[in-house]
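*Asks:* Letter by letter, the chains look like this.
Number of protein chains: 4
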Amino acid sequence: MTHRIAILGASGYTGAELVRLIATHPGMRITALSADRKAGMTMAEVFPFLRHLDLPRLVKIDEIDFSSIDLCFCALPHATTQEVIARLPKDLKIVDLSADFRLRDPADYQKWYGQPHAAVDLQQEAVYGLTEFYRDEIRAGRLIAGTGCNAATGQYALRPLIAAGVIDLDDIVIDLKAGVSGAGRSLKENLLHAELSGGTYTYSAGGKHRHLGEFDQEFSKLAGRPVRVQFTPHLLPMNRGILATVYVRGEAGAVHEVLARAYEDEPFLQVLPFGTLPSTRDIAGSNFCHLGVIGDRIAGRATVVAVLDNLTKGSSGQAIQNANLMLGLPETAGLMLAPIFP
Amino acid sequence: MTHRIAILGASGYTGAELVRLIATHPGMRITALSADRKAGMTMAEVFPFLRHLDLPRLVKIDEIDFSSIDLCFCALPHATTQEVIARLPKDLKIVDLSADFRLRDPADYQKWYGQPHAAVDLQQEAVYGLTEFYRDEIRAGRLIAGTGCNAATGQYALRPLIAAGVIDLDDIVIDLKAGVSGAGRSLKENLLHAELSGGTYTYSAGGKHRHLGEFDQEFSKLAGRPVRVQFTPHLLPMNRGILATVYVRGEAGAVHEVLARAYEDEPFLQVLPFGTLPSTRDIAGSNFCHLGVIGDRIAGRATVVAVLDNLTKGSSGQAIQNANLMLGLPETAGLMLAPIFP
Amino acid sequence: MTHRIAILGASGYTGAELVRLIATHPGMRITALSADRKAGMTMAEVFPFLRHLDLPRLVKIDEIDFSSIDLCFCALPHATTQEVIARLPKDLKIVDLSADFRLRDPADYQKWYGQPHAAVDLQQEAVYGLTEFYRDEIRAGRLIAGTGCNAATGQYALRPLIAAGVIDLDDIVIDLKAGVSGAGRSLKENLLHAELSGGTYTYSAGGKHRHLGEFDQEFSKLAGRPVRVQFTPHLLPMNRGILATVYVRGEAGAVHEVLARAYEDEPFLQVLPFGTLPSTRDIAGSNFCHLGVIGDRIAGRATVVAVLDNLTKGSSGQAIQNANLMLGLPETAGLMLAPIFP
Amino acid sequence: MTHRIAILGASGYTGAELVRLIATHPGMRITALSADRKAGMTMAEVFPFLRHLDLPRLVKIDEIDFSSIDLCFCALPHATTQEVIARLPKDLKIVDLSADFRLRDPADYQKWYGQPHAAVDLQQEAVYGLTEFYRDEIRAGRLIAGTGCNAATGQYALRPLIAAGVIDLDDIVIDLKAGVSGAGRSLKENLLHAELSGGTYTYSAGGKHRHLGEFDQEFSKLAGRPVRVQFTPHLLPMNRGILATVYVRGEAGAVHEVLARAYEDEPFLQVLPFGTLPSTRDIAGSNFCHLGVIGDRIAGRATVVAVLDNLTKGSSGQAIQNANLMLGLPETAGLMLAPIFP
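Residue numbers (numbering that gives the first Met the number 0), protein chains in the order written: chain A, 0 to 341; chain B, 0 to 341; chain C, 0 to 341; chain D, 0 to 341.
Incorrect hints may have been included.
[Said to hold, decoys possible] Per the computed footprint, the stretches of chain A lying under chain B, defined by three or more beta-carbons under 8 angstroms from a beta-carbon of chain B, are:
id : segment
1  : 50 to 56
2  : 273 to 283
3  : 324 to 337
[Stated by the list, open to error] Partial list, derived from the structure: chain D residues whose beta carbon lies under 10 angstroms from chain C:
id : residue
4  : 16
5  : 26
6  : 30
7  : 48
8  : 274
9  : 335
[What the hints assert, rightly or not] In silico negatives: residues of chain B with every beta carbon more than 10 angstroms from chain C:
id : residue
10 : 36
11 : 68
12 : 242
13 : 265
Honestly, the hints are just simulated from the structure, not real lab data. If you're wondering where the values come from, they're calculated on a predicted model, not measured in any experiment. Note that CB positions come from ideal geometry on N, CA and C, so glycine has one too.
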């Protein structure tokens, strides 16, 4: 059976990535696409790389008949999202890719996003969409909140370690390197090719990045006590991919063993042999996350490196993985595309 | 039914691209992989991006039992290839990706490759693998010679125009821009990131590039008289993609119409609206070729721009498309992966 | 003696490049910098790469006392420029980097820029700033019109050939590859790293690029009869550099000899040995232009390849070279910086 | 007075960078260039970007008359260097860019480089070349050992902090991002454009990178007790530049103040305002090092970010800065070239 899919916000990168993945998905068919400012255009006009597909024309959200939709992906900007979803049918299955429903506590939302949440009831209803750790809730859920792409990368590296108690919870440093597509299709000087290519720099350093809200929420819940990590993201001259170098205190062998065991049956999470560290080039365009662990010459320290594609496993691929669960499809349906190299 | 596939020369870029594409191909299963110097290694060791796949270990060619193989892709270096294929079973279906069987005339081969052909009988048997123009021969063939990636790009732009007689055969200029993966995984100074990134230059200029042998052979045969094009390739700081800017004498509207009509039923060849020209970014990682036509302020001149991914439509994707025909599979099987953007 | 320099429009790339070059210029000192929307800021805030320099704060143009300025560089947007310069003192030496004064004929200006010129008298006064061909006029001039960067590249390849009569004037094709800094610091989707990096495409194809106005004006004047070239620019994923592949009809040896002789005493124009073609990597960040010539297997055809850095020799370096002449300084003063590689 | 300079190993990146910088140096003239395997060639053949310079032909080391040389830069590979320098005149001023004389203790050398040192007496004589901290020794020295480029970056961030006692010496993490030119012109698969561009990964992780030997030596000496840092380098798809993100325990304001004061009179070390972090794009091609400090939401932690160009301040620029001191020239002579942007 083919499920009828709507994508709201199809003119951004995560929207386009959803279309790219669904193009070869055996159980989904796109029947509605929205893009407010580009309503009336075809996807081929907005994204010529999709011109071989037979897709519905872009419309405004109000023009969509949601009664004929089985599941709706929402790839709209933050803040706008909560207003839009509040007006959608209350029984519509939704996978949201924005930041609006990631934090459960309204106070946390206000702290990190600088304004009160406009749909607190939905915020309570939403399920945090880190698939491998919330499968049952996602399967049973109606509104799934896709995780931050950086937040996903860091959690894949750390959750099993926190749960197993093999690292010091008070000394975790996440030094993250991110490709530029994570910033979306926004017109900013620092995202221009001329300004970014050939260089690197930090952004939102010093404990200000909003994905820290997710780390705090999830790690503290997991540990049963407050956990605060140090987190510094860097922008790199690459389009796709995140590499998180995570510095922990713990015995490296144990760290590796915990991760390897935690993920041994996971189709998308691949733990490399001990001492081997991953490259973002090996997961580009795919839903895979590679993880590696190495010790240090300083006893009692270990470094975990996790890589994933921010647009796929970190966003649209994760969204489809969650939608597969919600629709009763095989979890990996449409997501086994191999990475692209070189 | 799933066909059993062997890939000879699996440690190069075209070999890896074959594996990438077959990974989600519904009718093929890889049962043998060879790589002479890396025999004994796993593909995950040679290409970590393929580590999620369950693949046979790399072996030497002699270790493969070809009686259990339905079709063999040969992705070996030039010259080596003719020796290897000469020793393979004579009834084995083979799709070759090297340059060894592209030219039909032994004298042409000697002229462009600087040595006599070592398997002239196979050279006669081989079918030129530009799928859209040799479908029947490929379906009936046993040994298919994959085209040069540049040669494919130029031919997609020009064959229908030559056949239709809408351009001057004595004034054709192909200015081609190529990504670096076309040069393979060879260790040369000019292919280093530090030397290539951020710049561009010509290579094999002045009528010396070997793909001219293919242009000469194919265009002359099509026109029924000698056709010699001018061809200048440039290396660009990008990994995948070829863009051919083809300067022709002819009425631009007619040129566009001929191309649009020629390719209207082709699944992989997309002719853009008149006046719109394509980008390599819109076909990366896919088997699609986009073509555009524009006129010039100088009457009687037209420019055709064709783009394709050298590793996919220009090489391994083409090879699988041909293999699909040879195995009685749908021609597009496994090849409808959308391009990757951004 | 150190001359006092003003730069109008210092917050764009050509403005910043002027500052970079003047930083180590022995005969110039920057005493005024304007940037309308960024007035009040320091250059270190706008361009942190210049933070080691002791520079005046950015001001509005009206705040500058031009009586204390020896020479003014104007790096403002097109159209704005003619209005600004019309209001500047009539005896102020000006080197303009915009397109406003490149075309001498008001009708040509209107044709290529879509509006009547607002300062026709200045247009008549202006000297076309291609240094090597207008030295005397520049030395004697007051208002110098910097050339288009593409226009400069094409002219370096072609002017001596047209003057010497060694090529067919009716069959000239310029296929040009340009780095992205030529588009300036403008916020456009196609200039984003995510959209440009890793790919290439044409722009202003089909005889629509405005630099054609310069080619027409200069080549026709030189030939004494109308000359129309075919010109297709491509955007490349690199920040600096232009490579022009120029296809001409003529005897390649003669073409090379004419260029070599024409430029043998030029400090910035380097003609490579016959058959050797240049790379943009070898001139990045410098005021040098490298040229190469090769023949073709088709008799009577030659290919000239010229490379230069669009921001230096194609714009700000040229401007300083012209200013040196106007100020009685050595022509090469401050401009002998070696290219940067890798 | 112009000093006569020899460069041994002129065919590598650091050798070429020396030539680039000396090209506009007012007090140095290159009179000898060696390159063993390329002896007999011109620099224009090996590095076309230097073709505008009037340089001596490449020779073998034995062909150089060192009696006419005032100072010799040695840019040879590790291990080879100690043998070569041992055979040079004992009174020749030498600035070495290799790793051979960076470590003072023969046991340390053997530990990090895997073999006994072949010129222990020279090892004792050599002065560690981190200019700002060893000025007097360098001025008086005969053999200066250029620092590792990563080692320089980390030391600029940390030395004043260790000296001032404002950070915890037992909890220092250096997460470093390096451009590819630091790996030299070596032919390795992972340095190919096709493999590196668009991605990132760690190298020599886990406490194995040889520059740790320098950190250990220098930091321990400075602190008067053993200091061991954790150090993880990453390779980035950029040609020039290093960014070190240094995680320390200490009060961020004090950390910033110590750095700002330590470097306030340094011409090449620029400390940004508190809370502002630097970009590698702002120092490319220059001898400048930018440093920034930010606090964290976790009290008592600070992050220092230092950037420099590995080929300039990290290697050849540092070498010239040291040579200036040895020759009695102004320390900044020839080194005030502004960075190149974009």
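*Asks:* Answer holds if the nearest beta-carbon of chain C is closer than 10 angstroms to that of residue 48 of chain D; otherwise answer violated.
*Replies:* holds, 4 angstroms
*Asks:* Examine the segment 50 to 56 of chain A: at least three residues should have C-beta closer than 8 angstroms to a C-beta of chain B.
*Replies:* As far as the segment 50 to 56 of chain A goes, the hint holds, because 3 residues have Cβ atoms under 8 angstroms from chain B.
*Asks:* Classify the hint on residue 16 of chain D as holds or violated, based on whether any CB of chain C lies nearer than 10 angstroms to its CB.
*Replies:* holds, 9 angstroms
*Asks:* Confirm or reject: residue 68 of chain B is not an interface residue toward chain C, with every Cβ-Cβ distance exceeding 10 angstroms.
*Replies:* holds, 36 angstroms
*Asks:* Once the shortest beta carbon distance from residue 26 of chain D to chain C is found, is it less than 10 angstroms?
*Replies:* violated, 15 angstroms
*Asks:* Can we confirm that no CB of chain C comes within 10 angstroms of the CB of residue 265 of chain B?
*Replies:* Since the minimum Cβ distance to chain C is about 22 angstroms, residue 265 of chain B lies beyond 10 angstroms and the statement holds.
*Asks:* Is the listed coverage of the segment 273 to 283 of chain A by chain B valid when you require three or more residues with a beta carbon under 8 angstroms from a beta carbon of that chain?
*Replies:* holds (count 6)
*Asks:* Do three or more residues of the segment 324 to 337 of chain A come closer than 8 angstroms to chain B, measuring C-beta to C-beta?
*Replies:* With 3 residues in contact (Cβ-Cβ under 8 angstroms with chain B), the coverage given for the segment 324 to 337 of chain A holds.
*Asks:* Was the hint right that residue 30 of chain D lines chain C, CB cutoff 10 angstroms?
*Replies:* Check failed: Cβ of residue 30 of chain D comes no nearer than 18 angstroms to chain C, outside 10 angstroms.
*Asks:* Please settle this one: residue 36 of chain B was flagged as non-interface, so is its CB more than 10 angstroms from every CB on chain C?
*Replies:* With a cut-off of 10 angstroms, residue 36 of chain B remains clear of chain C, as the shortest Cβ separation is near 29 angstroms.
*Asks:* Quick one: work out the minimum CB distance from residue 242 of chain B to chain C and report holds if it exceeds 10 angstroms, violated otherwise.
*Replies:* violated, 5 angstroms
*Asks:* Under 10 angstroms, Cβ to Cβ, is where residue 274 of chain D needs to be relative to chain C, so tell me if that hint holds or is violated.
*Replies:* This hint is violated: residue 274 of chain D lies away from chain C, its Cβ roughly 14 angstroms from the closest one there, beyond 10 angstroms.
When held up to the earlier numbered hints, the structure conflicts with 5, 6, 8, 12 and fits the remainder.
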